[in-house]
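**Q** Residue-level listing of the chains:
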Amino acid sequence: MRDFRSICLTAGLGLAALGGWNANVQAAPLGEGAAPIKIAINEWTGQNVTAHVAGHLLEKLGYHVQYVTAGSFPQWIGMEDGSLDMTPELWTNNLGDIYPKLLAEKKVEPVGDLGLNARDGWAYTSATLAVCPGLPDWKALLKPECAAALATAETLPNGRLVDYPADWDTASAKEIEDFKVPFTAVPAGSEGALVAELQSALAAKQPLLLRFWAPHWLLAQTKELNWVDMPPCNPKDGGRCILPSPVIKVVRAGFGEKWPAAYALMKQYQLAADDQQKMMFEIDQNHKPIDDVVGQWLEANSAKWSGWVEDAKK
Amino acid sequence: MAGPDAVMNLPGKPFSFADLGALAVPAAVLACIAASAQWSWIAAFPQDWTLPIAGAINAALGWIIPAILPVTAALSRALAAILTALVLVLQFIPWPATAIALMMVGLRAGGPRLLGLCVVAVAYVVLAGFWRQSMATVALVLLAVPMSVLGGFVLGLGAYLVPRLRRPVEALFDFMQTFPAFAYLIPLLLLFGFGPVAGLVATAVYAIPPMARCVLSGLTQVPRELVEVGEMAGCTPAQRLFWVELPAARPMVMVGINQTTMAALSMVITASIIGGFDDIGWAVLSGLRQADLGKSLLSGLVIVVISIVVDRLTASLFAEPRGNATRRRLPAMRKVLAGAAIVLAAGALLRLAPGFPQGLNQMAGIIDFGLLNRALLGFVGRYSGVLDAIKSGVLYYLVLPLRLGLAGAVLPTTWGFAMTPAITSAYALLATALAARQLAKGGPGKAAATLCVAMLLYVGMVAFPWPAAILVTAWAAWRVSGPKLALLATASLAFVLISGLWVPFVKSLYLVGVSVVLCAFIGGLLGLLAAHNNWFSAMLRPLNDALQTMPQFVFLIPALMFFKVGEFAGLIAISLYAVVPAIRYTEAGLRNVSPAILETARQLGCTPTQSNLFVQIPLARPALLLGLNQTVMAAITMLPIAATVGTSELGQQIYISLGKADAGMGITAGIVFCLTAINLDRMLRAAAGHLRSI
Numbered sequence: 059m060r061d062f063r064s065i066c067l068t069a070g071l072g073l074a075a076l077g078g079w080n081a082n083v084q085a086a087p088l089g090e091g092a093a094p095i096k097i098a099i100n101e102w103t104g105q106n107v108t109a110h111v112a113g114h115l116l117e118k119l120g121y122h123v124q125y126v127t128a129g130s131f132p133q134w135i136g137m138e139d140g141s142l143d144m145t146p147e148l149w150t151n152n153l154g155d156i157y158p159k160l161l162a163e164k165k166v167e168p169v170g171d172l173g174l175n176a177r178d179g180w181a182y183t184s185a186t187l188a189v190c191p192g193l194p195d196w197k198a199l200l201k202p203e204c205a206a207a208l209a210t211a212e213t214l215p216n217g218r219l220v221d222y223p224a225d226w227d228t229a230s231a232k233e234i235e236d237f238k239v240p241f242t243a244v245p246a247g248s249e250g251a252l253v254a255e256l257q258s259a260l261a262a263k264q265p266l267l268l269r270f271w272a273p274h275w276l277l278a279q280t281k282e283l284n285w286v287d288m289p290p291c292n293p294k295d296g297g298r299c300i301l302p303s304p305v306i307k308v309v310r311a312g313f314g315e316k317w318p319a320a321y322a323l324m325k326q327y328q329l330a331a332d333d334q335q336k337m338m339f340e341i342d343q344n345h346k347p348i349d350d351v352v353g354q355w356l357e358a359n360s361a362k363w364s365g366w367v368e369d370a371k372k
Numbered sequence: 038m039a040g041p042d043a044v045m046n047l048p049g050k051p052f053s054f055a056d057l058g059a060l061a062v063p064a065a066v067l068a069c070i071a072a073s074a075q076w077s078w079i080a081a082f083p084q085d086w087t088l089p090i091a092g093a094i095n096a097a098l099g100w101i102i103p104a105i106l107p108v109t110a111a112l113s114r115a116l117a118a119i120l121t122a123l124v125l126v127l128q129f130i131p132w133p134a135t136a137i138a139l140m141m142v143g144l145r146a147g148g149p150r151l152l153g154l155c156v157v158a159v160a161y162v163v164l165a166g167f168w169r170q171s172m173a174t175v176a177l178v179l180l181a182v183p184m185s186v187l188g189g190f191v192l193g194l195g196a197y198l199v200p201r202l203r204r205p206v207e208a209l210f211d212f213m214q215t216f217p218a219f220a221y222l223i224p225l226l227l228l229f230g231f232g233p234v235a236g237l238v239a240t241a242v243y244a245i246p247p248m249a250r251c252v253l254s255g256l257t258q259v260p261r262e263l264v265e266v267g268e269m270a271g272c273t274p275a276q277r278l279f280w281v282e283l284p285a286a287r288p289m290v291m292v293g294i295n296q297t298t299m300a301a302l303s304m305v306i307t308a309s310i311i312g313g314f315d316d317i318g319w320a321v322l323s324g325l326r327q328a329d330l331g332k333s334l335l336s337g338l339v340i341v342v343i344s345i346v347v348d349r350l351t352a353s354l355f356a357e358p359r360g361n362a363t364r365r366r367l368p369a370m371r372k373v374l375a376g377a378a379i380v381l382a383a384g385a386l387l388r389l390a391p392g393f394p395q396g397l398n399q400m401a402g403i404i405d406f407g408l409l410n411r412a413l414l415g416f417v418g419r420y421s422g423v424l425d426a427i428k429s430g431v432l433y434y435l436v437l438p439l440r441l442g443l444a445g446a447v448l449p450t451t452w453g454f455a456m457t458p459a460i461t462s463a464y465a466l467l468a469t470a471l472a473a474r475q476l477a478k479g480g481p482g483k484a485a486a487t488l489c490v491a492m493l494l495y496v497g498m499v500a501f502p503w504p505a506a507i508l509v510t511a512w513a514a515w516r517v518s519g520p521k522l523a524l525l526a527t528a529s530l531a532f533v534l535i536s537g538l539w540v541p542f543v544k545s546l547y548l549v550g551v552s553v554v555l556c557a558f559i560g561g562l563l564g565l566l567a568a569h570n571n572w573f574s575a576m577l578r579p580l581n582d583a584l585q586t587m588p589q590f591v592f593l594i595p596a597l598m599f600f601k602v603g604e605f606a607g608l609i610a611i612s613l614y615a616v617v618p619a620i621r622y623t624e625a626g627l628r629n630v631s632p633a634i635l636e637t638a639r640q641l642g643c644t645p646t647q648s649n650l651f652v653q654i655p656l657a658r659p660a661l662l663l664g665l666n667q668t669v670m671a672a673i674t675m676l677p678i679a680a681t682v683g684t685s686e687l688g689q690q691i692y693i694s695l696g697k698a699d700a701g702m703g704i705t706a707g708i709v710f711c712l713t714a715i716n717l718d719r720m721l722r723a724a725a726g727h728l729r730s731i
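Taken in order, these protein sequences are the chains called A and W. Under the numbering used here, think of the first position of the first sequence as 59, with each following residue one higher. Under the numbering used here, think of the first position of the second sequence as 38, with each following residue one higher.
Just to be clear, a hint being listed does not mean it is correct.
[To be verified] Under the rule of at most 20 angstroms between Cα atoms (straight-line distance), these lysine to any residue pairs were calculated in the SDA-like manner:
| # | chain 1 | residue 1 | chain 2 | residue 2 |
| --- | --- | --- | --- | --- |
| 1 | A | Lys-165 | W | Lys-697 |
| 2 | A | Lys-281 | W | Gly-415 |
| 3 | A | Lys-346 | W | Ile-102 |
| 4 | W | Lys-544 | A | Glu-212 |
| 5 | W | Lys-697 | A | Asp-139 |
| 6 | A | Lys-346 | W | Leu-397 |
| 7 | W | Lys-697 | A | Leu-153 |
| 8 | W | Lys-697 | A | Thr-228 |
| 9 | A | Lys-263 | W | Asp-425 |
| 10 | A | Lys-263 | W | Arg-411 |
| 11 | A | Lys-263 | W | Pro-595 |
| 12 | A | Lys-346 | W | Ile-404 |
| 13 | A | Lys-238 | A | Ala-261 |
| 14 | A | Lys-263 | W | Ser-421 |
| 15 | A | Lys-263 | W | Gly-92 |
| 16 | A | Lys-165 | W | Pro-103 |
| 17 | A | Lys-159 | W | Asn-95 |
| 18 | A | Lys-159 | W | Ile-102 |
| 19 | A | Lys-346 | W | Arg-411 |
| 20 | A | Lys-263 | W | Gly-418 |
| 21 | W | Lys-697 | A | Gln-326 |
| 22 | A | Lys-159 | W | Leu-228 |
| 23 | A | Lys-159 | W | Ala-96 |
| 24 | A | Lys-336 | A | Leu-276 |
| 25 | A | Lys-346 | W | Ala-401 |
| 26 | A | Lys-316 | A | Leu-153 |
| 27 | A | Lys-159 | W | Gly-92 |
| 28 | A | Lys-159 | W | Ile-693 |
| 29 | W | Lys-544 | W | Ile-507 |
| 30 | A | Lys-346 | W | Met-400 |
| 31 | A | Lys-263 | W | Phe-416 |
| 32 | A | Lys-263 | W | Ser-429 |
| 33 | W | Lys-697 | A | Leu-161 |
| 34 | W | Lys-697 | A | Glu-138 |
| 35 | W | Lys-697 | A | Asn-151 |
| 36 | A | Lys-346 | W | Leu-408 |
Think of the hints as simulated: they come from the structure by calculation, not from any bench.
Construct all of the structure, not just a fragment, from the sequences and the given hints.
**A** What follows is the structure in structure tokens.
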């Protein structure tokens with residue numbers, strides 16, 4: 059069992075540290091190498107992949123890592139009180155109220171973009187093409203027939219756009235207003251709800267317009283979801299524009315002093331959407347254990363990460 | 038609102054001055070509706086009149102939390118240490134050892150049947166691949182239950198010893214049981230820090246009331262003679278308590294422990310929203326997030342399985358020993374427990390031995406999650422037309438009329454006609470005629486209620502003017518119970534208004550209303566069938582058990598897949614959970630009607646249908662109304678969970694506040710929840726009481 063062994067190891071290392079303090083000086087960049095680095099595990103598989111890749115790399119440097127499950131909002135309380143040390147995949151389009159507060163108080167520190175070339179926007183199932191010819195151009199949505207075909211009892215006479223959950227602070231309603239498309243945004247309530255809606259529309263080959271993002275494990279599974287070419291919008295007009303949101307890595311304040319090499323590694327760490335999506339597919343669809351999938355990917359792609367590890371060792 | 042419906046069931050009383058006043062109610066409502074077109078403050082409660090209650094709560098919490106944080110932080114560290122140790126031990130012992138120990142206890146406590154159940158349970162958990170996570174859940178429950186049992190025992194005993202405390206303590210229990218757990222997760226997180234301890238405390242708090250209630254009721258039901266014997270024997274009050282009353286109340290105390298354990302198990306999922314703990318709850322939640330029904334259902338079933346085993350095991354262990362078996366039973370039980378402990382220790386030692394398969398407890402499950410998902414999607418793909426038709430039917434003919442009123446929902450495209458002035462006057466005439474008939478029969482209360490309901494249906498719940506809503510509710514509460522309840526109801530509604538949550542509150546109420554109507558209809562029908570057919574009843578029972586112990590979140594996925602994001606999916610999820618009490622109380626109520634009366638009815642020449650409709654159902658009315666009460670309570674419990682499928686009501690407010698970590702907003706919405714539940718409960722109970730006294 060990993061927990062037990064890691065506790066034994068930690069205890070052993072702790073004793074070693076007490077016994078031979080001088081022996082540890084040599085590995086100075088590691089910092090407090092005996093203390094495990096606690097990585098947040100959020101609710102979605104993509105994040106779990108990001109977290110485990112980071113964890114494996116940190117282990118290669120000689121650290122001990124611990125994966126701690128954490129809700130995407132409650133995790134900030136953990137980052138504040140020290141139950142968590144880093145959260146490797148933060149979507150900046152859905153920050154909530156706690157993160158900005160912690161950032162202002164300098165209790166957490168962003169360590170750069172994850173390099174996940176994320177995509178965010180309106181999407182439609184292939185069956186929608188039959189009722190809204192002209193897609194992916196957004197102007198196809200202006201036609202009344204298109205809106206009527208996508209209308210439901212709750213949105214009549216407008217068409218329905220299934221939107222992100224209300225607590226994600228989405229800009230879709232404002233977009234609809236700005237571009238005068240005859241649609242009403244209906245918040246989905248949760249990611250599960252959004253995915254279930256999409257899956258059932260795909261299964262029933264029904265038309266559906268929704269807001270979605272990539273990378274997402276569902277995209278590794280289907281080719282039937284397409285992106286709408288959004289109308290041009292002024293990026294300065296922040297709240298009224300759907301732009302791909304940067305995905306960043308965040309560590310707890312003091313991470314750099316405690317674990318200098320880990321900090322250097324985390325600053326460099328990048329993960330591409332394609333790589334993440336492929337691993338997600340292996341885990342979710344082929345039911346392979348996440349550690350095996352990540353281990354195999356690291357072995358096959360050492361060119362991508364060996365530089366970061368070498369740099370961090372210096 | 039359920040109030041007027043309950044009133045309509047009241048028997049006609051002699052005409053009195055108060056009844057004359059009743060007819061003033063519909064008149065006033067009509068005046069309000071007419072006035073709302075003129076003055077906007079009647080139609081919608083003005084924003085300027087609301088008070089910043091959420092802000093005040095946040096400010097108060099800002100004071101309280103730092104003050105008690107040192108205590109809770111220390112407590113949190115202690116609990117975390119115990120919990121971690123317990124999880125470590127339980128996850129370290131190889132599962133075959135745990136299984137053998139469990140089976141030994143099961144065989145001793147409940148014979149071969151219980152042994153069989155234990156075997157099936159362990160086999161399921163191992164085959165599904167959730168052993169590790171389920172041990173974390175068991176550890177959480179093992180730690181939470183003693184805390185709740187102790188707390189509940191002290192509270193129940195205190196309420197018994199100081200009768201003046203009884204009412205406030207009862208009210209506190211009502212509050213604890215109806216307050217949505219989502220709403221107090223944020224303050225608990227702030228107090229106990231991130232991690233499983235906050236979830237543990239939430240679970241322990243939630244599970245206190247059943248224990249306390251059972252202790253109190255057990256002690257108050259001790260036979261008077263027994264207490265007198267104790268007094269005659271010269272007991273001091275303390276001696277009497279410990280040697281006479283508590284032993285006599287033992288069976289109820291044991292029921293309390295059993296109920297508390299069940300309550301703790303049902304909270305596990307909600308507690309795991311916080312995270313920090315790789316348990317079954319987390320598995321259900323992450324399955325839900327991926328819309329992975331297979332994973333959610335399989336992991337949800339683990340909780341059902343654990344609940345059933347714990348329920349039967351505690352029930353058998355605590356069962357009243359018959360005759361002189363007591364003396365032989367206890368030492369034998371002790372021997373078995375000692376044996377089980379030895380097995381566990383041996384298992385742990387064996388694991389340390391070299392060559393032991395270390396991965397035993399982490400074996401992957403062999404049940405394929407994906408199969409279920411594919412089956413579900415296949416079904417949706419095939420029958421989406423039928424499912425959509427059901428959805429539109431309920432939406433157009435039940436949901437929209439209640440929300441927007443007939444005035445807004447009746448459209449030529451759906452109903453085939455519009456509410457033209459002619460049709461509207463016909464509707465008004467019909468309602469007036471019905472009311473006039475009731476008045477003539479000597480039921481002015483009924484007549485007034487009919488008129489109020491007719492007006493409510495016409496304008497819809499959302500547009501129903503708030504002064505009229507307060508008036509009708511207060512009047513209904515006065516009629517069924519008295520001035521006290523009327524005052525409570527008025528104060529509660531006033532709180533909702535000034536907190537600015539009126540619109541979400543009304544939306545919640547109508548969602549509860551629609552689902553209760555659906556449940557009463559479907560559950561009543563199933564209960565009726567079950568009452569007449571033993572075979573059907575036996576088929577229904579395990580289904581009911583599963584629906585009630587299955588983590589509520591699991592209902593959301595099929596509801597979503599079938600009926601899409603929106604109110605209807607929420608409605609179905611609520612109904613799946615709330616239909617169980619409707620079935621159970623209907624069946625029990627009908628079965629309890631005395632056979633002698635039914636025999637008389639048969640001899641008088643009633644056909645079975647007549648005897649059903651005119652004898653059995655009217656006689657079972659009190660039980661049916663209590664069932665309705667339980668259905669309403671269950672529907673309210675489910676509301677915050679249904680918010681995750683896109684309903685826009687109070688539950689959504691709580692959910693958003695959880696995301697924003699806005700404790701004040703969550704607590705305010707939670708209080709509105711409690712007040713709604715408590716008022717409806719009191720009204721329905723009072724109405725049931727009236728019926729029973731006939």
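**Q** For every hint, state whether the structure bears it out.
**A** These are the hints, each one checked on the structure:
no.	hint	in the structure
1	A/Lys-165 with W/Lys-697	holds (18 angstroms)
2	A/Lys-281 with W/Gly-415	holds (18 angstroms)
3	A/Lys-346 with W/Ile-102	violated (44 angstroms)
4	W/Lys-544 with A/Glu-212	holds (14 angstroms)
5	W/Lys-697 with A/Asp-139	holds (18 angstroms)
6	A/Lys-346 with W/Leu-397	holds (17 angstroms)
7	W/Lys-697 with A/Leu-153	holds (9 angstroms)
8	W/Lys-697 with A/Thr-228	holds (14 angstroms)
9	A/Lys-263 with W/Asp-425	holds (14 angstroms)
10	A/Lys-263 with W/Arg-411	holds (15 angstroms)
11	A/Lys-263 with W/Pro-595	holds (18 angstroms)
12	A/Lys-346 with W/Ile-404	holds (14 angstroms)
13	A/Lys-238 with A/Ala-261	violated (30 angstroms)
14	A/Lys-263 with W/Ser-421	holds (9 angstroms)
15	A/Lys-263 with W/Gly-92	violated (47 angstroms)
16	A/Lys-165 with W/Pro-103	holds (18 angstroms)
17	A/Lys-159 with W/Asn-95	holds (16 angstroms)
18	A/Lys-159 with W/Ile-102	holds (18 angstroms)
19	A/Lys-346 with W/Arg-411	holds (18 angstroms)
20	A/Lys-263 with W/Gly-418	holds (7 angstroms)
21	W/Lys-697 with A/Gln-326	violated (31 angstroms)
22	A/Lys-159 with W/Leu-228	holds (18 angstroms)
23	A/Lys-159 with W/Ala-96	holds (17 angstroms)
24	A/Lys-336 with A/Leu-276	holds (11 angstroms)
25	A/Lys-346 with W/Ala-401	holds (10 angstroms)
26	A/Lys-316 with A/Leu-153	violated (26 angstroms)
27	A/Lys-159 with W/Gly-92	holds (17 angstroms)
28	A/Lys-159 with W/Ile-693	holds (17 angstroms)
29	W/Lys-544 with W/Ile-507	holds (16 angstroms)
30	A/Lys-346 with W/Met-400	holds (12 angstroms)
31	A/Lys-263 with W/Phe-416	holds (12 angstroms)
32	A/Lys-263 with W/Ser-429	holds (19 angstroms)
33	W/Lys-697 with A/Leu-161	holds (15 angstroms)
34	W/Lys-697 with A/Glu-138	holds (16 angstroms)
35	W/Lys-697 with A/Asn-151	holds (14 angstroms)
36	A/Lys-346 with W/Leu-408	holds (16 angstroms)
Hints 3, 13, 15, 21, 26, counting from the list given before, are not met by this structure.
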